[in-house]
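Chains as they are written, first to last, in the working numbering: chain A, 1 to 262; chain B, 1 to 244; chain C, 1 to 250.
Keep in mind the hints are simulated off the structure, nothing from the lab. We treat Cβ as the ideally placed atom computed from N, Cα and C, and that holds for glycine. Check before you lean on any hint, since a few could be wrong.
[Claimed, not checked] Pair by pair, the computed Cβ-Cβ distance ranges are:
no.	chain 1	residue 1	chain 2	residue 2	range
1	C	I27	B	I91	19 to 27 Å
2	B	V225	C	I27	36 to 44 Å
3	B	I95	C	V41	21 to 29 Å
4	A	S22	B	A54	54 to 62 Å
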Amino acid sequence: MAAELELSGVSHTFVSENGGTSVRALDGIDLRLAPGEFFSVIGPSGCGKSTLLEIVAGLTRASEGRVVFDGREVAGEVPDGVGMVFQEDASFPWLTVWDNVAFGLRRRGTGAAEIRRRVDYALRFVGLADFARHHPRQLSGGMRQRVCIARTLVLEPRLILLDEPFGALDQQTRLVMGEELLRLWRETGATVLLITHSLDEAAMLSERIGVMSARPGRFIATLSTGWPRERDSQVVNDPRFGALTGEMWTYLRAESLRSIGA
Amino acid sequence: MSRRFDGVLFTIALLLAWQVMARVVGSSGLSTPLATLGALERLFGRASFWQNVAATADAFALAVLFSLVGGLAIGLLLGLSRFAGDVFDPIVNAITAIPKITLYPVILLFFGLGMSAKVAFGTIHGIFPVIILTMNGVRNIRPVVRKAARVMRLTPLQTLRSVLLPAALPEIFSGMRIGVSLALLGTLVGELFASDRGVGFMLIQSVEHSDVPTVMALTLLLFVVAIAGGTIMLHIDRRLHQEG
Amino acid sequence: MSRVAATRWGLIVAMFAAVEICCRVGIISRLTMIPPSGMVVAAWHLMSVDTVRGDLLFTLTNTAAAIAIAVVTGFISGVVLNAVPRLRRVVDPLLAAYYAVPTFIFYPMLVAILGLNRAPLIAIGAVLGVVAMTVNTLTGLDRIPRVYLKTAKAMRMSRTSTVLLVQLPAATPHLVTGVKLAVSYSIVGTIAGEFILSVAGLGRAISLAYNNLDNNTMYGLLLILLVTVTLVNLAIYEWERAIHRRWGLR
Chain A
1 MAAELELSGV SHTFVSENGG TSVRALDGID LRLAPGEFFS VIGPSGCGKS
51 TLLEIVAGLT RASEGRVVFD GREVAGEVPD GVGMVFQEDA SFPWLTVWDN
101 VAFGLRRRGT GAAEIRRRVD YALRFVGLAD FARHHPRQLS GGMRQRVCIA
151 RTLVLEPRLI LLDEPFGALD QQTRLVMGEE LLRLWRETGA TVLLITHSLD
201 EAAMLSERIG VMSARPGRFI ATLSTGWPRE RDSQVVNDPR FGALTGEMWT
251 YLRAESLRSI GA
Chain B
1 MSRRFDGVLF TIALLLAWQV MARVVGSSGL STPLATLGAL ERLFGRASFW
51 QNVAATADAF ALAVLFSLVG GLAIGLLLGL SRFAGDVFDP IVNAITAIPK
101 ITLYPVILLF FGLGMSAKVA FGTIHGIFPV IILTMNGVRN IRPVVRKAAR
151 VMRLTPLQTL RSVLLPAALP EIFSGMRIGV SLALLGTLVG ELFASDRGVG
201 FMLIQSVEHS DVPTVMALTL LLFVVAIAGG TIMLHIDRRL HQEG
Chain C
1 MSRVAATRWG LIVAMFAAVE ICCRVGIISR LTMIPPSGMV VAAWHLMSVD
51 TVRGDLLFTL TNTAAAIAIA VVTGFISGVV LNAVPRLRRV VDPLLAAYYA
101 VPTFIFYPML VAILGLNRAP LIAIGAVLGV VAMTVNTLTG LDRIPRVYLK
151 TAKAMRMSRT STVLLVQLPA ATPHLVTGVK LAVSYSIVGT IAGEFILSVA
201 GLGRAISLAY NNLDNNTMYG LLLILLVTVT LVNLAIYEWE RAIHRRWGLR
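For reference, chain A alone in the conformation it holds in the complex (with noise of 0.2 Å):
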């Protein structure tokens, strides 16, 4: 099941608690998603991306503009239906990985047999079915992510938003999760809005790229992929792929020295 998203005019500032200066953290953001899509959001550090997601999320209430989601507006309460994976390690330690991913569906008060069934198969999905009962501390880091994965996957979300999810993990962890995460949207069918800043990230997962200028951010190009929808990480050697990644540096180049004070 996929959703709808539209932004108009989102922009947050954030405002100093003693009086000090405050932070234009977005300036102006326009993004209308299709139902279904997988759009990524790139930009250099510090340029507001996590915070958009925060906004869309309904973890922050934007300063100014307006976020509908699936037809009813997002205002500092996080909708039904949204699925969401952090950069940090979320998963909890007290609990197994079993326990873990049926977290959610437990707060729903989703019937036990439904529960094993869905968590089961999410497990399997993720391919954790032999580490059900294990505790996070006994996995990898790129193990600990794909449980997150799973306890997101389970509540069978209408839009996933993820914060540079695999930020934490080293580069051919990522690619092989990033072959995890399409799997995950192929499943679910659902609207992804990823943030990142890797450039082959962006290029390999998305159908439509948003390249963010420095702060205060705002979108400065929207690049589209063209990709078919059965993929996987060899898309790198695709001649196309080379040229996205170039033509994503072009606009970034100036946004990342900006950021950097250079």
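Guided by the hints, dock chains B and C onto chain A, whose structure is given.
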């Protein structure tokens, strides 16, 4: 702006609470802030008070000396030698699990009543934190720091002085800070049991004479001194940990 | 057995043997200390004496009460201070310097207020233990990874569910450390009180034996006290280590 005065407000609130409690409990239980200050003033005027303070200070100083020097030496030895550290680690932890007060009667039997018992009390309390934190501080120095010293071809003494000690300093200082506090505790308790001199002795005496204002005056004095000393040492501790 | 373990046991056995020999030969006089073997024998006999068991029970129940009060009060005050940052800022320096204060100095005051019975013993134990629990509760609440709270919000969990199912479990390792320290300190406070006050309990019995120059009884009782208390401490230390390992902190 109002946040600046929070500390003052809080102190006033505490004083008020004290005053109220003193009224409620009665003068045979608690004395009011004013009465306590009066007793304190009287104490300051007496020569015997200062002699007792000196007695406590002497014992305390010795206990601190033994705790710090002994603790540092043992801690360094256990920290620098992997083997010694491994052998003694569980032993030291088990000794920490023993409440030192259970050893008081033994100390009294060995040292008799008087100064040496007080110093012994203070030392057994103060030396262990120094040992443990020094040992851990040295053991936990990141391997890359030691490798860098070897690459620079420093002699063992140079390594110890210019690399290891500075690297472990924050933790060593924490151990010393705790050791000093506990040495004070031990010395005072020793005076309760084993002495006819000192601040702890004065405390016990005023309890026996039911001299409530003096009891509270001494308590207040010790409280303020301990908090002041503790806060200063904590400050230094925090600075060391920030730079480290 | 590894070289390390063998050396360790060797040292321990050698030390006990040395003490035993010194006592038996007379290097350490009987008036100062009885041989370790004598202590064990005395302890064994004493455990069958009713009054001794009664004293042990008295000491243990006081300690348990002190621990309970320290843990509960410490936890609640930690939660409150965490919820009221203004108050926390004011109280912070006091909390930090608390253990620099020889807390037993409040003892005479507590006796004056509560009377000469078991209440001041429990009170002093609790007073010694409470701040360790408060400080660790605060640390535990501070160190909850923010991503857990975001996850809970993203799952649309209610405030109560978030507290009970995410915040408390996440803070558990530190809460357990707080309990460990509260137990250690409360034990010290209660027993020290028994030595000083001599109301009842093992502390009093030991004091009496000391005053009567009855070294046999004194060392026997000391051994009982030492073993009991050390076992309690070691058990709690192990529990803390297990929890820290499970949470992946060690």
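To see whether the hints hold, each was checked on the structure:
In this structure the hint that C:I27 and B:I91 lie 19 to 27 Å apart at CB holds, the actual value being about 24 Å. Against the hinted window of 36 to 44 Å, the Cβ-Cβ separation of B:V225 and C:I27 comes to about 41 Å, which satisfies the hint. A hinted range of 21 to 29 Å holds for the C-beta pair B:I95 and C:V41, which are about 24 Å apart. Between A:S22 and B:A54 the CB atoms are about 59 Å apart, so this pair conforms to the stated range of 54 to 62 Å.
In terms of the numbered hints stated before, the structure departs from none.
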